[in-house]
Amino acid sequence: AATQCGPSSGPSSLQDRQREIMARGLPKQKPIAGVGQVVVVASGKGGVGKSTTAVNLALGLMAIDPSKRVGLLDADIHGPSVPKLMNLKGNPELTETNRMIPLTNYGLPCMSMGFLVDEEAPIVWRGLMVMSALEKLLRQVEWGSLDYLVVDMPPGTGDVQLSISQNVPVAGAVIVSTPQDIALLDARRGAEMFKKVHVPVLGLVQNMSVFQCPNCQHQTHIFGSGGARQLADTLGVHFLGDIPLHLNIREMSDRGQPVVISSPDSPEAEAYRKLAAAVLLRIQEVTV
Amino acid sequence: MGENNSGGNLAQVRHVVLVLSGKGGVGKSTLTTELALALRHAGKKVGILDVDLCGPSIPRMLSVGRPDVHQCDGGWVPVYTDSSKSLALMSIGFMLENPDDAVVWRGPKKNALIGQFVSDVAWGELDVLLVDTPPGTSDEHLSVVENLRKHRLDGAVLVTTPQAVSTGDVRREITFCKKVGVPILGIVENMSGFVCPHCSECSNIFSKGGGEELAKITGSPFLGCVPLDPLLSSSLEGGGDFMKMFPESAAFSAITNILLQGKTLTCLRMLS
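Heads up: the sequence lines are chains E and H, in that order. So that you can map any letter, position 167 of the first sequence is 158 in our numbering, and since no number is skipped, the others follow by simple counting. Residues are numbered in our numbering as their position in the second sequence, beginning at 1, plus a constant of 670.
Just chain E, with the same shape it has in the complex (with noise of 0.2 Å):
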């Protein structure tokens, strides 16, 4: 129904209403059959270990309390790195009602755009066609029921981030970004975009913040120091942990066998357990 605008509605009403409008055009938020919480694991910036994150994030949560059940979905459609990092290939099968059953290892079932086409083909896809990639993604799965859902997403803050936040309910979001400020600037830029569509911000981590030299344990900032302490200060978030440079981390992340399970004694596994319990924590906070 049409209301004048008459000389008494101030702007602020107007806008409201365009809002309203706006809004209707929307798609409307449904939670994924069977998915407790989601957890999205982003950063704006490319290469600073989302991913790795992700898997050990998902392998963490299922250390400190093997009670819950915990999925990992890879939503990097032109960059799947999920595979490589879980040492898992192959087509998923399907259920009768044609859904695709996710591939497991270690426990952590996992789906990914790397599953359904071959290692070396190109995603050369336009906007439209990753959102129909991402829908059977997000709604043709056979999980079970889980407790989290880790979604890993592709760098950037464009259709991907925005399809997901705007169909599936999320949780909260970890946002992942190294020292160096050319990464905090995406890093803020993906807080931003979070708030624009009303996602919590979990808090920021902050990866490979320092390497210890093997031979003689001299430590280097090779990416700077501190720079995503010092922004979660600014933006307000909580800062969820530090993640050290380490090559055993890569190394085994090359072989398909996380660190967290590969090498649970580690320091590296203990900072990724630490990140799973602080996550844990936020979601509790945001959650009520």
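It should be emphasised that the hints constitute simulated quantities derived from the structure, not laboratory data. Ideal Cβ positions, reconstructed from N, Cα and C, are used throughout, including at glycine. Some clues are possibly wrong.
Pair ranges (Cβ atoms, derived) [said to hold, decoys possible]:
#  : chain 1 : residue 1 : chain 2 : residue 2 : range
1  : H       : Asp771    : E       : Gly217    : 23 to 29 Å
2  : E       : Gln210    : H       : Cys742    : 46 to 52 Å
3  : E       : Val108    : H       : Asp771    : 29 to 35 Å
4  : E       : Arg246    : H       : Ser733    : 38 to 44 Å
5  : H       : His740    : E       : Val108    : 42 to 48 Å
6  : E       : Gln131    : H       : Asn768    : 37 to 43 Å
7  : E       : Gln210    : H       : Gln682    : 30 to 36 Å
8  : E       : Arg130    : H       : Gln682    : 48 to 54 Å
9  : H       : His740    : E       : Arg130    : 44 to 50 Å
10 : E       : Pro22     : H       : Asp790    : 53 to 59 Å
11 : H       : Gly851    : E       : Asn78     : 31 to 37 Å
12 : H       : Gln786    : E       : Met13     : 45 to 51 Å
Rough simulated footprint, nothing fancy, chain E against chain H, three-plus residues with beta-carbon under 8 Å [to be verified]:
#  : segment
13 : 693 to 705
14 : 718 to 732
15 : 751 to 760
16 : 808 to 815
17 : 895 to 907
Take the given structure of chain E and dock chain H to it, following the hints.
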């Protein structure tokens, strides 16, 4: 199809080179910046077009702040880094009201802006235009290739780090280039080894040799390795001219060597 004007904006640009990766965070923007600075030091006129709309890094790396973008008869005037006008830039970073603004756009809007960036920036006379891209193989990449093809596109330099998750993505990018007919000028292996400043022990934090092997497997030229250099990352934070400030560093010689590589030299006819 195009008016004289739209063909005109790239008409005086001798070479256009895409800097691609597929993988995020391997150092595309860093390498684009350093290659541009190296070329400028060699006396060339260089332009950088930053089509990473969601994460524009070039303005920050060159410390140009937030100048206004002006219009002229030919379109947008690029931002110059100094009065010599030997390095011209265009990035969405200059057009945001607030540099921390997030650009949360879907494909069609991105495509429209990229079309404008390619055709409507009055670059004037340039020896080479380097195009910095975001990771992936999506709208931005398709748009920039389609739009550049109407004018000129010499080829692409692919950047990777040595580890498996990176080379996997870059391999896909190489296939993309072959599919859309973009010549591959070569592969650069970035962050290849770290030398401890204290004891000089070399640690292959992100592995080593992956880029070189990728070049072999895909039959692409290998342009060289660039090591992890804290001097490089810190100079980028400050927006300094790394090529001027640290000519003795390992990264400097690596980057200069890349420019001297056979295939790049032939294709670009850059350094005399």
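Is the coverage entry for the segment 895 to 907 of chain H by chain E consistent with the three-residue Cβ rule at 8 Å?
Since 6 is at least three, the answer is holds.
Between Gly851 of chain H and Asn78 of chain E, does the beta-carbon spacing fit 31 to 37 Å?
About 35 Å separates the Cβ atoms of Gly851 of chain H and Asn78 of chain E, which means 31 to 37 Å holds.
C-beta pair Gln210 of chain E, Gln682 of chain H: status relative to the range 30 to 36 Å that was hinted:
violated, 50 Å
Residues of the segment 693 to 705 of chain H with Cβ under 8 Å from chain E, three needed, outcome
holds (count 5)
Confirm or reject the claim that Pro22 of chain E and Asp790 of chain H have a C-beta distance inside 53 to 59 Å.
violated, 45 Å
Taking a Cβ-Cβ distance under 8 Å as contact, does the segment 808 to 815 of chain H have three or more residues in contact with chain E?
holds (count 4)
Take a look at whether the Cβ-Cβ distance between Arg130 of chain E and Gln682 of chain H falls inside 48 to 54 Å.
holds, 51 Å
Between Gln131 of chain E and Asn768 of chain H, does the beta-carbon spacing fit 37 to 43 Å?
Between Gln131 of chain E and Asn768 of chain H, where Cβ atoms are some 39 Å apart, the hint holds.
Is 42 to 48 Å a correct range for the gap between the Cβ atoms of His740 of chain H and Val108 of chain E?
holds, 45 Å
Evaluate the given range 38 to 44 Å for the C-beta pair formed by Arg246 of chain E and Ser733 of chain H.
holds, 40 Å
Do Gln210 of chain E and Cys742 of chain H keep their Cβ atoms within the hinted range of 46 to 52 Å?
For Cys742 of chain H against Gln210 of chain E, whose Cβ atoms are near 51 Å apart, the range 46 to 52 Å holds.
Taking 45 to 51 Å as the hint, is the beta-carbon distance of Gln786 of chain H and Met13 of chain E inside that range?
At roughly 25 Å between Cβ atoms, Met13 of chain E and Gln786 of chain H fall outside 45 to 51 Å, so the hint is violated.
The earlier numbered hints that this structure contradicts are 7, 10, 12, 15.
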